[in-house]
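A.B. asks: The residues making up each chain are set out below.
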Amino acid sequence: MADVTFTVDGRKLTAPAGTLLIEACRAHGIEIPAFCYYPGLSLQAACRMCVVRIEKMPKLQTACTTTVAEGMIVTTESPEIAQARKATIELLLGNHPLDCPVCDAGGECELQDMTFKYGAHESKFVEIKQHREEQQWSPVVFFDRPRCILCYRCVRVCGEGMDVWALGIQNRGAGSVIAPNKQDHLECEECGMCIDICPVGALTSGTYRYKTRPWEMSHIGTVCTHCGDGCKTTLGVRRSNDGMDIVRGDNRDKSGINGDFLCIKGRYAFDFTERDDRLTKPLVRQSDGQLKPVTWEEAIDFAGKKLREIRDARGGKAIGVIGSNRTTNEEAYLLQKFARTVLGTNNIDHHRTTDYPAFVQALAGKPEASLRDFATAKAVLLIGGDATEQHPGLAWQIRTAVRLHGARLYVANHELIKLRRQATHFLEIGENDYASLAAYLGGDDAALSGDKATAFREGLRKEESLLVVFGAEYRGKAIEALVKLGSTLPNVKFACLGDHANARGASDMGLYPDLLPGYVPVTAGGTFAAEYGVEIGLGDLKADASRTHGLPAQPGLDMIQMFDAAERGELGALLVVGSNPVARYGIDAAVLKNTFVIAQDLFLTETAQLADVVFPAASLYEKSGTATNTFGDVQLVKKAADKAGVRTDFEIIVRLGAAMGADVRQLVPFGKAGVRADMGQARGAQSGEADRHGVWLAAHHLEPKLSPFDPFAIFDEIQRLVPAYDVSRLDLLAGNDQHVKPALVQITAAGARRDLVLPTNDTLFTSGTLGRYSRMLGSVMEARKPAETTAAE
Amino acid sequence: MPVISTHPDSVPVVSWRFGKGAVSIDKYIELEGYQAARKCLELGPDGIIGEMKASNLRGRGGAGFPTGMKWSFVPKQSAKPKYVLVNGDESEPGTCKDRLIFEHDPHSVIEGTLIAGLSVQARMGFIYLRGEYRYLLRIMERAVDEAYAKGFLGKNIFGSGIDFDIVTQTGAGAYEVGEESALMESLEGKRGIPRIRPPFPAVVGLYGGPTIINNAETIATVPHIFRIGAAEYAKIGTERNGGTRLFCLSGHLERPGVYELPMGYNLKKMIYEVGGGIPGGKKLKAVVPGGSSTPVLLPEEIDIGMDFDQVGKAGSMLGSGGVVVLDEDVCMVEFALRTMKFYRHESCGWCIPCREGTDWLEKSLTRLHAGGAVDKDIDNIRYLAENMLGRTFCPLGDAAAMPTIAFVKKFRKEFEDHLEGRGCPKHRVPEAALV
Amino acid sequence: MSTATTIFSPELAARFDKLVTLYPVKRSALVPMLLYAQDEVGYLSDAVVAEVAERIGITELDVRNVISYYSLLRTKPAGKYHVQVCTNICCMLRGGNEILEHCKKSLGVANKGVTADGVFSLEEVECIGACSWAPAAQVNYDFHENLTPESMDKVLAEYRAKAGGGK
Ligand SMILES: Cc1cc2nc3c(=O)[nH]c(=O)nc-3n(C[C@H](O)[C@H](O)[C@H](O)COP(=O)(O)O)c2cc1C
Ligand code: SF4
Ligand code: FES
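Residue numbers (this note's numbering), protein chains in the order written: chain A, 1 to 793; chain B, 1001 to 1435; chain C, 2001 to 2167.
Take these hints with a grain of salt, some might be off.
[Said to hold, decoys possible] Listed below are several chain C residues computed to face chain B (Cβ distance under 7 Å; list not exhaustive): (1) 2066; (2) 2069; (3) 2072; (4) 2090; (5) 2092; (6) 2093; (7) 2127; (8) 2131; (9) 2133.
[As the list claims (entries may be wrong)] With a straight-line cut-off of 20 Å between C-alpha atoms, the simulated EDC-like cross-links for lysine to aspartate or glutamate are: (10) A:593 x A:567; (11) A:59 x A:77; (12) A:182 x C:2060; (13) C:2018 x B:1165; (14) B:1363 x A:127; (15) C:2018 x B:1141; (16) A:59 x B:1398; (17) B:1426 x C:2098; (18) C:2162 x C:2039; (19) C:2018 x B:1146; (20) B:1190 x C:2046; (21) A:86 x B:1379; (22) A:124 x B:1416; (23) B:1376 x A:122; (24) A:182 x C:2046; (25) A:124 x B:1375; (26) A:182 x C:2054; (27) A:418 x C:2060.
It should be emphasised that the hints constitute simulated quantities derived from the structure, not laboratory data.
All values reported here derive from a predicted model rather than from experimental measurement.
Backbone N, C-alpha and C define an ideal beta-carbon position, used for all residues, glycine too.
Can you make the complete structure from the sequences, with help from the hints?
C.D. replies: Structure representation (structure tokens):
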């Protein structure tokens, strides 16, 4: 819309016509106080804090509902306005418990801030305040009624934002109260949005309440360790006896790709870090068959010696490596480099939750959609999966696009997924019809029938730009077909949905027996060999302990083949990093009885229980690096917490390499010329000191020193070898998400690769093996059980 | 069954058919009923609105907005259907006039709704009665059925090719729902929370369509304007205040009742002659001239004509036509408290100043009346009210604040007499105040 | 909604089926439906809330939000005859409080109480639109005006007789 010019507090400002005055002022640095106004939610004009004086208007006007107009003259601060705001606060405080010293929101409470600003410090009332007991509405949500100022933000974010509608307003007048949908408790998605949006301490969370004061925490924005959306979560940490504890997760600065959103996992399911049964000491199986805690040195030496023995005696082909969907890109990359150059094997794989290789190959340089793109999309085609459960961040973005930008949503699914409520077109198809759907959309009229299908396709064909996003129902050739047909429409971008925080990174970093990082076939690893300073194809031949091995050129064993080999007694050793294949693939313990198993994990998982050496690993919240979400958004992972005893997987791999006699400098090029250091992020530093340190070094032409445990030492190598990751390092370090570059990927016959995709099928309240260790997720599922059983009856 | 009261000065326009059996459609037709609608079908929208403007009819709901002008704001072209909404929520303390209309002349409301519809090419009307008037719903439903049976409602009304439907319903107990936008929310099945304006109902109203909303008396007056002629009607009242009004006289009067008198009728005369004066030869203490929301007038302020402009000039409002008379024995603190108790009970709770303000005002007044107040409390009561005024989301906050400010201003001495632990000098303390 | 599963009488269920068709949107039928349901069942029980929510196609929470807004709607049973005495300004000026006190005494219940036999319940209410005929009270939907303690007794006696028994 055209710009209009108006005057605020004597300053001439311009903004597009139709902009709300409060927003126009904010954009120009003029802050107008507001309790009920919240960007992106429906307007209320209920709190009356935003009142301003507009010339020619008889009364004060609410800036939250007034749109700017040409020539408008506005005053936002004056004695009259201050008085109005002060009176409002006085009224609110009349019945407010003023229990700020014990309130979770104390120190970051908007009511407190406003009271401070407008000086409503004199109590005008002598009446006894009405006390009401705090109520627990769910494992997540607690409600303290007397603190509530009835801004209705929670009601709106739950309804309009989440499409859950679990909160309401009951009674009227001074008796008005926020009410949960099940009379005395909540049944909802437990996202905690209501808690974060509460300007006061009326809604508090089960994890955080009465734990700490806000100013006692440091706040570190990092990437959530759970699903494939890779939302930014800001962790509030506090020093404790054994490190830095996470006390809170939130999303208040809204600077992440997830915008306003976080789900229960991103917000509360960090609690696994503090579990009593968290591994903090390395374990080595003794002659009596028991796992016994030992020192790190002992465990590393033992494991390294065993690996070396097995490699030297039986060759790399007798060793298998299973990587993780939750470690950083650097760790995944390092793991494959370690496997190929130190262990001398291509027997490396990970739990594949979707077919990324087929996807990137099909894309062949066509644009991929970032998670950000969805919030402003004009039209979205969503096929398969259940985004609300498996990709809640994506579901939020899509709802936002529909709600705020009138986007058209096309949903095709074999289930009545919740997002159909936002859909302009919902097409219910059979479970096995996904391929037919692609064919139909591609023009094969015989593939599907019915008016709905026709309208669906007709609608899509009219779209001028479209984001196509699909679930793991599509693999191999089917993905190819889908991308091909999508490409016939103008301005199409694609996204492929996989599970877990860095499943995409695991795939991009080459945790495959046949693919190197960047999906380069192992048979064509020339540039890699050059970079690594090794020869190709010498893996098994040069069993020379003093040197790093060459790069094996034949595809190795995949996940299933490794276990088959183990069963046949052909797998001498198996290194499992942050993965639980024993539970996931239902592997019988007997299969591994002749294999030396090393596990790196947070807990004694089913896999770790069978291991001979178990290394206590750091979680994603306790390390730095980068991670890539399923949309190809690369983000900085910042170390937030610390747990005494644990080590990052990066460090464990490097030390294993060293114990095996490998050249650490070759594994991690930390001394190499041209390698740039980070600015302290690797050490978990935030701002201030660390940044100054880096700046000072640079100013003195000194190379910041990197340690071999510094993941950024290897990021340069990744950027050189994987063109898609040639993103702006500066932006990345500044905390901005960077989208992977479209890159041509030449995988021969990707469609013909063996289909090993096994979607995790997580729900809002599960998160693979890791999720089982979250008490919060567990208690939510427990709380929901009776409801679900009765419903089923 | 309450009936209209009469006085030699009464001018029966709206009440012309009261007591004549016009509840039945045949009788109504016999008494020139549905002639106005036929006439308006011929006049067409512009003709109707022209007449309405000429009649100088001003809304009887409280604000006194010129009705013809209100109708003219409805856009001619609209993508969404237009509606007529009749506000029969009558809940302002002191007001009981719409009830008489529904009870004695239901068809005049139906015919008025129809004409309003014709004036803006609406095809549907709603008549919303307050929940307490459930017995009137039966009367209205029967009348609507009769009109359908005669072909005055439904498809092709009066053979004109035009369709018009009317739905009647009641609320369920909420004063705030009388506020026009809250009424629309209620009619849409929601809590009676008012809407943000602009947009105004004439542009975006019921179900998002342009909507005429008028008080039931306003609507019932419409057919009479076409019956006697707009000019004739205008002549009855004063300048810019056409016609008659149903005044509800209540309180300390010999002959309380609802009287139809010309606009501009002298208030003093209304009290002493029409209402028969104060019983027991007592002195007049105060008059609330237009329902509980209007600032109180002192005896020396009542020699005024009862129209919107003159009462306004006297510092109060004509409001809904409820004239409440208080004799010398009334405790003004108790009266102020009872008034505030009402607003506290009826505040929808949406906005802070009204929700919290009415609550604290009631508490403070209760304490004052019971003798628990200190000096600064009187100023505080005024402070609270003054800080509500003009700051709330809808006019209910003003309706609570304005009379309160007037009570404190005009009866400050009496408020002070309650201080220092004395409590009400006139009354035993009501039990409620003691707990 | 099939009449087989309804908790309402067939007549009321049929009325509801029609009610939702009268308005441009179904939800408009909510408040009238709640009133009719309350008239038949006596109060808005959980079962009523559930069925109304289903008929309108909204959540039970939404129904409760609306119920709790309106003062005539109740979620607990009242007496067979619900006596509502107005004490607002006009009635107050003409003895409304005395009528209320009188009712408390003759019924033996406090404000919002229900008599032991369940015949009467008592409530002090805001203005009911009988200001010119004050003081006034409503028993269920019937108005009784120009009351005195004596005439109020007569009114109560009539209802007591209707309820089929003296006290
Ligand atoms: C709190 C409040 C309550 C109101 N109650 C009523 C009412 O019961 N009946 C009514 O006709 N107007 C009432 N009004 C006025 C309406 O908002 C509206 O102005 C009126 O129905 C317009 O009709 P009119 O132009 O015919 O007067 C109320 C206004 C407010 C602010
Ligand atoms: S002034 Fe505010 S709280 Fe009061 S009735 Fe209006 S909107 Fe509701
Ligand atoms: S922010 Fe404008 S009224 Fe609350």
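A.B. asks: Next, verify each hint and record whether it holds.
C.D. replies: Status of the hints after comparison with the structure:
1. 2066: The hint holds - residue 2066 of chain C has a Cβ within 7 Å of chain B, the shortest such distance being about 6 Å.
2. 2069: It holds, given that the least Cβ distance between residue 2069 of chain C and chain B is near 4 Å, below 7 Å.
3. 2072: Hint holds; residue 2072 of chain C Cβ to chain B Cβ min 3 Å, cut 7 Å.
4. 2090: Because about 4 Å separates residue 2090 of chain C from the closest Cβ in chain B, which is inside the 7 Å limit, the hint holds.
5. 2092: Since chain B brings a Cβ to about 5 Å from residue 2092 of chain C, closer than 7 Å, the hint holds.
6. 2093: Interface hint status for residue 2093 of chain C: holds (5 Å vs cutoff 7 Å).
7. 2127: holds (4 Å)
8. 2131: holds (4 Å)
9. 2133: Residue 2133 of chain C check passes; min Cβ-Cβ to chain B is 5 Å, inside 7 Å.
10. A:593 x A:567: Answer holds: residue 593 of chain A to residue 567 of chain A is near 8 Å, not above 20 Å.
11. A:59 x A:77: Answer holds: residue 59 of chain A to residue 77 of chain A is near 15 Å, not above 20 Å.
12. A:182 x C:2060: Roughly 8 Å separates the two Cα atoms, so the pair holds.
13. C:2018 x B:1165: holds (15 Å)
14. B:1363 x A:127: Roughly 8 Å between the alpha carbons, so the hint for residue 1363 of chain B and residue 127 of chain A holds.
15. C:2018 x B:1141: Roughly 15 Å between the alpha carbons, so the hint for residue 2018 of chain C and residue 1141 of chain B holds.
16. A:59 x B:1398: holds (12 Å)
17. B:1426 x C:2098: holds (16 Å)
18. C:2162 x C:2039: holds (17 Å)
19. C:2018 x B:1146: holds (19 Å)
20. B:1190 x C:2046: Holds: residue 1190 of chain B and residue 2046 of chain C sit about 19 Å apart, inside 20 Å.
21. A:86 x B:1379: Distance of about 17 Å is within 20 Å: holds.
22. A:124 x B:1416: With a Cα-Cα distance of about 18 Å, the restraint between residue 124 of chain A and residue 1416 of chain B holds, given a limit of 20 Å.
23. B:1376 x A:122: holds (13 Å)
24. A:182 x C:2046: Holds, at about 11 Å.
25. A:124 x B:1375: holds (12 Å)
26. A:182 x C:2054: holds (16 Å)
27. A:418 x C:2060: holds (19 Å)
Taken one by one, the earlier hints all hold for this structure without exception.
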